[in-house]
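Chain by chain, the residues:
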Amino acid sequence: MTELRPRRLTGSPLGWLIWGVVIFFFVNLAGVIVAVVVSSFGRRWFDTWLPQGWTADWYGRAWRDFTLGPVLVVTLEVAVLVVGISLLIGVPAAYALARASFPGRRLLLLLFLLPILMPPITYGIPLATVLYKYGFAGHLSGVVLANLVPSVPFVILTMTPFIEQIDPAIERAARMCGARTWQVFLRVLAPLSVPGILAAAILVLVRTVGMFELTFLTAGPDSQTLVVALYYSMSSAGIRAQQSVDAMAVIYTSMMLVLLVVALRFVNPTQLVARVGDEEK
Amino acid sequence: MTALRHRLADRGIDRHLLLLLPAAVFVVVLFIYPFFYGIGLSLQPAEGGPLGAYRRFFTDAYLRDTITTTLGLALPAALLNVLASVPIAYRMRGRYRGKRVLTTLLVLPITLGTVLTAQGLLNFLGPTGWFNRVLQSTGLTDAPVRLTNNYWGVFFSLVITGFPFAFLLVSSYLSGIDPALERAAATLGAGAVQRFRRVTLPLLAPGLATTFCLTFVLAFSVFPSAVLVGDPAGETRVISIAAYEAAYVQYDYVLASAIAVIMGVVELVVLGLVLGWRALLYTGSTAGGKG
Chain V
1 MTELRPRRLT GSPLGWLIWG VVIFFFVNLA GVIVAVVVSS FGRRWFDTWL PQGWTADWYG
61 RAWRDFTLGP VLVVTLEVAV LVVGISLLIG VPAAYALARA SFPGRRLLLL LFLLPILMPP
121 ITYGIPLATV LYKYGFAGHL SGVVLANLVP SVPFVILTMT PFIEQIDPAI ERAARMCGAR
181 TWQVFLRVLA PLSVPGILAA AILVLVRTVG MFELTFLTAG PDSQTLVVAL YYSMSSAGIR
241 AQQSVDAMAV IYTSMMLVLL VVALRFVNPT QLVARVGDEE K
Chain H
1001 MTALRHRLAD RGIDRHLLLL LPAAVFVVVL FIYPFFYGIG LSLQPAEGGP LGAYRRFFTD
1061 AYLRDTITTT LGLALPAALL NVLASVPIAY RMRGRYRGKR VLTTLLVLPI TLGTVLTAQG
1121 LLNFLGPTGW FNRVLQSTGL TDAPVRLTNN YWGVFFSLVI TGFPFAFLLV SSYLSGIDPA
1181 LERAAATLGA GAVQRFRRVT LPLLAPGLAT TFCLTFVLAF SVFPSAVLVG DPAGETRVIS
1241 IAAYEAAYVQ YDYVLASAIA VIMGVVELVV LGLVLGWRAL LYTGSTAGGK G
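Residue numbers (my numbering), protein chains in the order written: chain V, 1 to 281; chain H, 1001 to 1291.
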């Protein structure tokens, strides 16, 4: 029985190999991140191990040069709107898909899968054309609409298996005990699916803040999110100092990091699905 | 009226389905309609008949070869991400100290985004970056290994951004599989390898197919990193660069729409194969126990 417990993390040669790969991945990842951070604090850095001299000036310069204040506000607005709307539309649909079987269910599921399965550039170009035609693109509303296209199906796709794994017998039992439909939703389904909803919200939030293509194609000058502003600053790097781009990238990452750490305090994303067996002992 | 409603309810059509309406309308208006608009646009070139833009794409090697370039990047990257996350997620099941920290660390790269990853890779793997410095000072190589502004730069960027997603999804699928099933197999005399191959893997396989699809989509639509850490005019001229150039550099919306359609078709072929295979697998409750 003891050998079955996954508590012993090391031991077999395969285990060591896996940990070796993980550590190698982390070392290089740390290198990638630290290189940017060090560069953003460095005065000048050419062919040496570390920069010559340190300074924090690049942050102030990046903040002014790229007008980061408004950009951050736009990013936040877009993210909150997209998460809220996509949950409102997506969760009920996921419930219906998980529970009901009706003619055309598979077709509908395919319809919801398509926007996730298509590369954003594929539908982003025609979508941007249509949004420009009706005057949405170039504003915040266009960016939000475009970002909702993959987010709504993403919520549906992550929530459907989650709700499927909630035993329908629980709902039936609640009904047997006299609960009404709204009570079933509020008192039984909602508490059981909170981890799923939170996880879906986090994933959508992270995807939206990091979504480059759709925002890039639909944003106007005053509706750029941080990642798009960052891309522009990097692709026109000849004009700006490299370090100020690094500083901006660090700001972007710290923001995402805060989001993620806050999120992980409330939800364990690897337990999107029912925590069976894990807590037995 | 009541009879009709009962008949429909028998086939599964009742008021519950209204929950689906907003999502369905949304997808039709913002996804299906623009998509057909794009297809329509791609069939109206200024010259060469309805298929002119497509003919141009397939006769021009500079455009045509972007398909193989993209697949050459996306397929290996997605496969590596999924295959690497299975053993790691499998090892990390159960409860032990520091699990949350480890999970956070593995999921961390999601926060980086493509642009910071690109910037970091340029700094770290570049000719004067730390990676090459370590290689040279330990005597493994004499000249710097070129890992940026070519295929490898983009590949690493795809692994860094794609792996956390794959890991997160695989772990969540794994945590939904009741460990009691494996314990049951063990009491019947199955060894560790057998338990994995005959119990866990079949239950996990549909999840793996979904994960592969999602990571493949991420990798297939690679655009910023292909421009920033790749060689956008040569080795990593992926199909999205061609589409972007057609639309926003040459303002040739017809060709851009045609490229977008081709891109979609190529991807759907790959996903169709994977999902077709998934449909053959067992899907359903993985909770074990009675029932």
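Please keep in mind that the hints were generated in silico from the structure rather than gathered at the bench. Among the hints, a few may not be true.
[What the hints assert, rightly or not] Simulated restraints, written as ranges between beta carbons of each label pair:
{"hint": "1", "chain 1": "V", "residue 1": "Arg64", "chain 2": "H", "residue 2": "Leu1273", "range": "48 to 54 Å"}
{"hint": "2", "chain 1": "V", "residue 1": "Tyr134", "chain 2": "H", "residue 2": "Ala1143", "range": "52 to 58 Å"}
{"hint": "3", "chain 1": "V", "residue 1": "Leu50", "chain 2": "H", "residue 2": "Trp1277", "range": "48 to 54 Å"}
{"hint": "4", "chain 1": "H", "residue 1": "Leu1021", "chain 2": "V", "residue 2": "Trp54", "range": "55 to 61 Å"}
{"hint": "5", "chain 1": "H", "residue 1": "Ala1143", "chain 2": "V", "residue 2": "Val262", "range": "43 to 49 Å"}
{"hint": "6", "chain 1": "H", "residue 1": "Thr1141", "chain 2": "V", "residue 2": "Asp167", "range": "55 to 61 Å"}
{"hint": "7", "chain 1": "V", "residue 1": "Trp54", "chain 2": "H", "residue 2": "Arg1100", "range": "42 to 48 Å"}
{"hint": "8", "chain 1": "H", "residue 1": "Asp1231", "chain 2": "V", "residue 2": "Tyr134", "range": "36 to 42 Å"}
{"hint": "9", "chain 1": "V", "residue 1": "Leu76", "chain 2": "H", "residue 2": "Leu1018", "range": "58 to 64 Å"}
{"hint": "10", "chain 1": "V", "residue 1": "Gly104", "chain 2": "H", "residue 2": "Val1269", "range": "19 to 25 Å"}
{"hint": "11", "chain 1": "V", "residue 1": "Thr181", "chain 2": "H", "residue 2": "Arg1055", "range": "53 to 59 Å"}
Glycine included, C-beta positions come from ideal geometry on N, C-alpha and C.
Status of the hints after comparison with the structure:
1. V:Arg64 with H:Leu1273: 48 to 54 Å: Hint holds: Cβ distance 51 Å, inside 48 to 54 Å.
2. V:Tyr134 with H:Ala1143: 52 to 58 Å: For Tyr134 (chain V) and Ala1143 (chain H) the Cβ distance comes to about 55 Å; the hint holds.
3. V:Leu50 with H:Trp1277: 48 to 54 Å: holds (51 Å)
4. H:Leu1021 with V:Trp54: 55 to 61 Å: For Trp54 (chain V) against Leu1021 (chain H), whose Cβ atoms are near 58 Å apart, the range 55 to 61 Å holds.
5. H:Ala1143 with V:Val262: 43 to 49 Å: Since the Cβ atoms of Ala1143 (chain H) and Val262 (chain V) sit about 45 Å apart, the hinted range of 43 to 49 Å holds.
6. H:Thr1141 with V:Asp167: 55 to 61 Å: holds (58 Å)
7. V:Trp54 with H:Arg1100: 42 to 48 Å: violated (34 Å)
8. H:Asp1231 with V:Tyr134: 36 to 42 Å: 38 Å Cβ-Cβ, so the 36 to 42 Å window holds.
9. V:Leu76 with H:Leu1018: 58 to 64 Å: Once the Cβ atoms are compared, 33 Å apart, the range 58 to 64 Å for Leu1018 (chain H) and Leu76 (chain V) is violated.
10. V:Gly104 with H:Val1269: 19 to 25 Å: With a Cβ separation near 24 Å, Gly104 (chain V) and Val1269 (chain H) satisfy 19 to 25 Å, so the hint holds.
11. V:Thr181 with H:Arg1055: 53 to 59 Å: At 57 Å between Cβs, range holds.
Checked against the numbered hints given earlier, the structure breaks hints 7 and 9 and satisfies all the rest.
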